[in-house]
Amino acid sequence: MSNAPALDIRGLSAKVADEEISILKSLDLALNPGEIHAIMGPNGSGKSTLAKVLAGHPSYQVTGGEALYLGQSLLDMEPDERALAGIFMAFQYPVEIPGVSIANFLRTALQARLGRGEELDLFDFQDQLLEAMKLLEVEPSFAERPVNDGFSGGEKKRNEILQMAVLKPSLAILDETDSGLDIDALQVVSNGVNTLHKENPEMTILLITHYQRLLDYIKPDFVHVMVDGKIVRTGGPELALELEKQGYVNWKPSS
Amino acid sequence: MPESKLVDNLDLDNYKYGFVDSESHVYRTKPGLDESIVRDISRQKEEPDWMLQFRLKAFKIYESKPMPTWGGDLSDLEATLDEIYFYVKPQEQTERSWEDVPDKIKNTFERLGIPEAEQKSLAGVGAQYESEMVYHSLKEEWASKGVIFDSIEDGLKNHPELFKEHFGTVIPIADNKFSALNAAVWSGGSFVYIPKGVHLDTPLQAYFRVNQEKMGQFERTLIIVEEGAHATYVEGCTAPVYSTDSFHSGVIEIVVKKDARFRYTTIQNWSNNMYNLVTQRAVVQENATMEWLDGNLGSKLTMKYPSCYLMGKGAHGSIMSIAYAGPGQHQDTGGKVVHAAENTTSSIISKSISKEDGRSTYRGLCKVHEGAKGSRSNVECDALLINDTSRTDTYPYIEVDEKQANVGHEATVSKVGDEQLFYLKNRGLSEEEAMGLVVRGFLEPIAKELPLEYAVELNRLIEMEMEGSVG
Ligand SMILES: Nc1ncnc2c1ncn2[C@@H]1O[C@H](COP(=O)(O)OP(=O)(O)OP(=O)(O)O)[C@@H](O)[C@H]1O
Ligand SMILES: [Mg+2]
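So the protein sequences, as listed, match chains A and B. Quick note, the numbering used here runs 20 ahead of the 1-based positions in the first sequence. Quick note, the numbering used here runs 111 ahead of the 1-based positions in the second sequence.
These are computed hints drawn from the structure, not numbers from a lab.
Simulated crosslink set (EDC-like; lysine to aspartate or glutamate; CA at most 20 Å straight-line): (1) B:526 x A:169; (2) B:526 x A:116; (3) B:268 x B:151; (4) B:141 x B:194; (5) A:35 x B:530; (6) B:325 x B:132; (7) B:559 x A:169; (8) B:559 x A:164; (9) A:35 x B:529; (10) B:325 x B:189.
What the simulated footprint calls covered on chain B by chain A, stretch by stretch (three residues with Cβ under 8 Å from a Cβ of chain A suffice, anywhere in the stretch; the number is not a length): (11) 527-535; (12) 551-561.
For each residue, glycine too, the CB sits at the ideal point set by N, CA and C.
Throw the hints in and build the complete structure from the sequences for me.
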């Protein structure tokens with residue numbers, strides 16, 4: 021099992037569940053444990069859809085291919101099973117849960133990771149939460165706010181990584197976590213992700229972004245270009261710089 | 112809490128109070144209602160003649176009024192009323208010491224956690240079983256300050272002047288068909304008097320239990336809060352699950368005098384065969400505050416609109432309610448505020464949840480009389496639907512006869528969103544856990560006002576109710 025890639029996507033195709041809109045078109049991608057990969061690509065190319073399909077979003081239907089997580093097929097698993105198996109997605113558009121504090125939410129999420137009859141140690145939880153809040157440089161009162169309710173765009177993104185810091189996934193998919201963050205916040209959040217990666221070098225990270233700037237802070241091992249539902253090119257960090265200069269002109273799907 | 116043997120009734124959502132005791136009573140009237148039963152109840156209670164006359168008059172009014180058709184479905188109620196027992200006397204007297212309550216009744220309340228609750232910090236505890244208060248106690252500390260917390264019968268017996276001065280003044284007999292019915296056959300309930308300036312720092316609590324099948328419970332509570340006094344009162348209600356319908360129709364009258372503050376909290380968790388038609392109203396005098404906190408979780412049909420009549424300048428009324436309409440249930444609830452003096456303020460916050468074919472209705476009235484200058488009222492009702500088959504309706508009536516008044520109304524209907532569920536599942540929560548969390552979050556603004564045990568209980572209930580709610 022240790023030889024298996026963290027994520028091995030083969031010929032993955034997916035469409036919108038109730039419609040004939042195909043988005044992912046036989047996509048291939050492999051991430052080894054501990055690697056950091058970045059996906060860049062034009063608006064509407066299917067980056068978020070890929071993330072959501074990997075997380076098991078019910079709006080999409082897989083029409084072909086396979087996605088293996090540490091050698092285990094993901095596609096038949098429920099979204100919560102995937103989460104419990106260690107997959108985390110930071111949402112491009114985090115969802116509001118009015119009336120539920122971040123602390124309460126995270127406590128429930130950690131409790132869900134324990135077996136039946138096991139009680140979460142609340143002191144440990146407090147410590148974990150405080151540590152995560154320190155890492156992301158938020159006030160302790162932040163955890164008492166209702167999840168994403170009334171948050172600024174940047175606060176929502178920071179909250180996603182705060183959750184990642186507490187839940188400690190082994191595969192984290194970060195969908196445009198950088199967009200909406202100001203320059204200082206980008207640094208804090210990136211630093212947070214780097215620290216988590218240092219603490220757990222086996223953690224695999226898939227970054228979806230439009231901006232090369234993020235990759236100055238979080239150094240990817242590989243950069244992929246996604247266009248029209250598939251990966252059209254893979255390279256090292258230099259590829260991001262090239263894209264920054266040239267854009268996606270070379271890959272515009274022929275229409 | 113001790114293990115309780117649940118009545119095996121799977122389609123009633125794990126109702127944990129559904130256990131039943133064997134029937135026992137020292138007296139009960141024959142099923143149905145006629146004038147002789149009204150007389151009999153009065154005789155059993157050895158009442159003064161004025162009360163008998165009051166009851167007889169009420170009975171006539173009850174008979175003359177048609178069944179209301181504007182609210183929930185009462186079409187089967189007439190038949191039910193012919194079959195139920197209007198008066199069931201479980202024991203001879205109201206006990207002051209828990210030890211003296213008959214074992215069987217005591218066990219019931221112990222299973223419901225009542226004496227436990229008493230040991231926690233409560234100023235006083237009352238327990239009603241069938242038609243009578245079987246137990247009433249008040250801490251000496253408060254009794255010595257002149258606080259009265261008695262069964263309503265003892266109130267009439269021991270404090271006749273005070274009783275007569277207020278009884279039936281807040282809710283007149285003819286207010287509605289069920290207030291008339293209650294006035295005719297009332298039995299049990301509390302009589303509460305908080306003397307001038309006394310601040311109770313812990314709540315008075317009353318517990319209502321119906322055990323007998325085909326039972327009608329008609330408690331009547333009268334609360335007088337003197338000038339500058341502060342107190343809170345909490346009531347809880349449960350019943351076993353029977354295949355036949357039962358009936359509960361209480362009347363609660365409250366007088367909150369100048370500068371006083373009073374909060375009345377109800378957690379109604381009747382079984383799903385209960386008609387629960389309650390009239391509760393407070394008269395609020397100058398600069399006084401009345402708060403209703405109303406949780407309606409059980410019953411087949413609840414029709415209940417706590418109301419505040421703001422009679423004195425600067426009086427404030429607040430009504431916060433939670434309604435949960437599970438499968439087959441209809442919660443027709445809301446609130447009523449009447450602004451009859453200058454600078455009175457009120458707020459109604461109502462939150463309802465409907466699951467499967469459950470139906471919740473918000474029905475509210477805000478009336479501002481001419482001359483009630485500077486009055487302000489705000490109504491907010493939010494409905495949350497769990498399934499596509501769930502239903503909610505809103506009937507906000509607003510009558511403003513004063514130009515210098517400000518009345519706001521806001522209503523929202525939301526469905527537990529797929530994106531919310533997905534987000535929570537992505538963090539490892541199961542469908543049920545996710546649903547439960549969204550629902551709890553929705554209720555949070557009101558739940559945080561509840562006494563701790565009730566808030567915990569509410570959360571536990573919501574969790575249970577969300578099991579198998581996959582929508
Ligand atoms: N549920 C849906 N119903 C209909 N169309 C959808 C749905 N989800 C995605 N699409 C379409 O699929 C395409 C890919 O969307 P997706 O959100 O994956 O793009 P993206 O690469 O993340 O874009 P961006 O960079 O703007 O975030 C878009 O054209 C989008 O409109
Ligand atoms: Mg996207």
